[in-house]
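Chemist: Residues per chain, in single letters:
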Amino acid sequence: MRRLLDFLIKHNHWLVFVLLEAVCMIMLFNSNAYQSSVVFTSANEVTGLVLDAGSEVNDYLSLRETNKVLMQRNTRLEQRVAYLEKALRQRMNDSLAYESLSRLADSAYQEFPAMVIGNTLHLPDNYITLDKGSRSGIKPEMGVVGAKGVAGIVYKVSGGYALVISLLNSKSNLSCKIAGSDYFGYLKWEGGNPRFAYLKDLPRHAEFHLGDSVVTSGYSTVFPEGVMVGTIDDMADSNDGLSYLLKIKLATDFGNISNVRVIARRGLEELKEMTVNEGEGQ
Amino acid sequence: MGLVLLQVLFLNKMTVAGIATPLPYIYLLIIFNRNTPRWVLLLVGFILGLTMDSYTNLSGIHAAACVVLAMVQPVYMDLFIPRELQDERSLAPSVNTLRWMGFLKYVFICVLTHHFILIMLVFFSVKDVMGIVMRVVGCTLLTMLVISIFAMLGVRKRN
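Chains as they are written, first to last, in numbering that gives the first Met the number 0: chain A, 0 to 281; chain B, 0 to 158.
It is possible that part of the hints are untrue.
Claimed, not checked - Calculated pairs, DMTMM-like style, for lysine to aspartate or glutamate (alpha carbon to alpha carbon, straight line, at most 25 Å):
#1 LYS85(A) / GLU55(A)
#2 LYS12(B) / ASP58(A)
#3 LYS187(A) / ASP127(B)
#4 LYS12(B) / ASP51(A)
#5 LYS187(A) / ASP236(A)
#6 LYS187(A) / GLU140(A)
#7 LYS12(B) / ASP130(A)
#8 LYS248(A) / ASP233(A)
#9 LYS12(B) / ASP233(A)
#10 LYS131(A) / ASP252(A)
#11 LYS12(B) / GLU55(A)
#12 LYS170(A) / ASP127(B)
#13 LYS199(A) / ASP127(B)
#14 LYS199(A) / ASP232(A)
#15 LYS12(B) / GLU44(A)
#16 LYS12(B) / GLU64(A)
#17 LYS147(A) / ASP211(A)
#18 LYS9(A) / ASP77(B)
#19 LYS187(A) / ASP232(A)
#20 LYS9(A) / ASP86(B)
#21 LYS9(A) / GLU87(B)
#22 LYS248(A) / ASP127(B)
#23 LYS246(A) / ASP127(B)
#24 LYS12(B) / ASP252(A)
Stated by the list, open to error - Derived Cβ-Cβ restraints for the label pairs, each shown as a range:
#25 LYS12(B) / TRP13(A): 32 to 42 Å
#26 GLY17(B) / SER237(A): 18 to 28 Å
#27 VAL15(B) / GLU77(A): 35 to 45 Å
In case anyone wonders, no lab produced these hints; they're calculated from the structure. In this text, a Cβ means the ideal position worked out from N, Cα and C, and glycines have one as well.
Use the sequences and the hints to build the structure in full.
Modeler: Here it is, written out as structure tokens:
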């Protein structure tokens, strides 16, 4: 016993080494658990604070570029408003349709503006850190949209920060369709270039052209239908030959993303509660 | 502390050709004095790694690589200590103690060990051996470059 203790004391660093490596491995292999804590992610309060401070400097330096993007977006929205107003005026005489249209704008989804304070591009699993958290009403599984298109889905939140699974993450799996049609597939990022992802499982009889827009399908409760995702850049057959595999140029430039909106479907809780109750009722 | 901030706020965002990022934060572990108890060095490595993990959302990967580096650091250091300093109890690796050639070789082997483990754990797949090798080489070169600059500044300060 004595000798064993002596041995352990003399070689204590081996013990510490094995112990610490074991802790690392447990962390590594348990990190996929959805409920695991937010503590060792970039959305914890301390890390968030540091990233926040750093991003303020960065934001200041990239003001010019941000300004340009906002201007473009503004112009696009103004054109759209003009177009919609015209459409609305044409339907004025049908008061019922007018009512329902004017209420459409703020019906089902609620938006929170947020800033990106942390972001990676070149790992197999990339995450975005936002400067708003549960105190601002953000909850896991809300959608995140950048100035040009979908950015990701909220994964974990702390009081003041949120961790978002970027589209550039092997866990990301987004239901999409080709704009103007009902053919849908799901979007996966396969690593490598952060500008491109792949749309899989699109049926063979789908009709599309290179350059067509790909938008969210609205089949999940996370995103409303028709949020821009990207454009078709190239096409190929999938390995099994039963569906198309489309290369999508993502609308969001993840290397340059700062202002985002977190969108939440109103009444999502009630919807979830309802499904749970139904399940119990059977 | 300043080095970690520099790493998480600026260097983590720097990528060359989409594959190589300098990770000079391990300089903190590399220059630990040889009279430090080994368990202290291991614990420092673990905490340093966890800090990096929390900024990159790599749960435990940086920590695992840093703990290995903290384990082998004293062994590597012994390899490059000049004969006349071999019996010195208190000795921190630097250009002054190991000479330029010795110091650079020592840093290289430390950086390579750390980066190899880190990148293997991040990109674990048999498919892309070339990609992993490229990343290890790229990251190692960049980190070496940044650490050499640190070392040069250190030497100039002393003179």
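Chemist: Give a verdict on every hint.
Modeler: Here's how the hints hold up against the structure:
1. LYS85(A) / GLU55(A): violated, 41 Å
2. LYS12(B) / ASP58(A): Holds: LYS12(B) and ASP58(A) sit about 14 Å apart, inside 25 Å.
3. LYS187(A) / ASP127(B): holds, 18 Å
4. LYS12(B) / ASP51(A): Holds. LYS12(B) to ASP51(A) sits at ~14 Å (cutoff 25 Å).
5. LYS187(A) / ASP236(A): Holds, at about 15 Å.
6. LYS187(A) / GLU140(A): holds, 17 Å
7. LYS12(B) / ASP130(A): Judged against 25 Å, a Cα distance of about 18 Å means the pair holds.
8. LYS248(A) / ASP233(A): The given pair, whose Cα atoms are some 9 Å apart, holds under the 25 Å limit.
9. LYS12(B) / ASP233(A): violated, 29 Å
10. LYS131(A) / ASP252(A): holds, 21 Å
11. LYS12(B) / GLU55(A): holds, 15 Å
12. LYS170(A) / ASP127(B): holds, 19 Å
13. LYS199(A) / ASP127(B): holds, 22 Å
14. LYS199(A) / ASP232(A): Measuring from Cα to Cα gives roughly 14 Å; hence the hint holds.
15. LYS12(B) / GLU44(A): holds, 21 Å
16. LYS12(B) / GLU64(A): holds, 18 Å
17. LYS147(A) / ASP211(A): Holds. LYS147(A) to ASP211(A) sits at ~15 Å (cutoff 25 Å).
18. LYS9(A) / ASP77(B): holds, 19 Å
19. LYS187(A) / ASP232(A): Roughly 15 Å separates the two Cα atoms, so the pair holds.
20. LYS9(A) / ASP86(B): holds, 20 Å
21. LYS9(A) / GLU87(B): Given that 25 Å is the threshold and the Cα spacing comes to 21 Å, the pair holds.
22. LYS248(A) / ASP127(B): holds, 23 Å
23. LYS246(A) / ASP127(B): holds, 20 Å
24. LYS12(B) / ASP252(A): Holds: LYS12(B) and ASP252(A) sit about 15 Å apart, inside 25 Å.
25. LYS12(B) / TRP13(A): 32 to 42 Å: holds, 37 Å
26. GLY17(B) / SER237(A): 18 to 28 Å: For GLY17(B) and SER237(A) the Cβ distance comes to about 26 Å; the hint holds.
27. VAL15(B) / GLU77(A): 35 to 45 Å: holds, 40 Å
When each numbered hint is compared with the structure, violations occur for hints 1 and 9.
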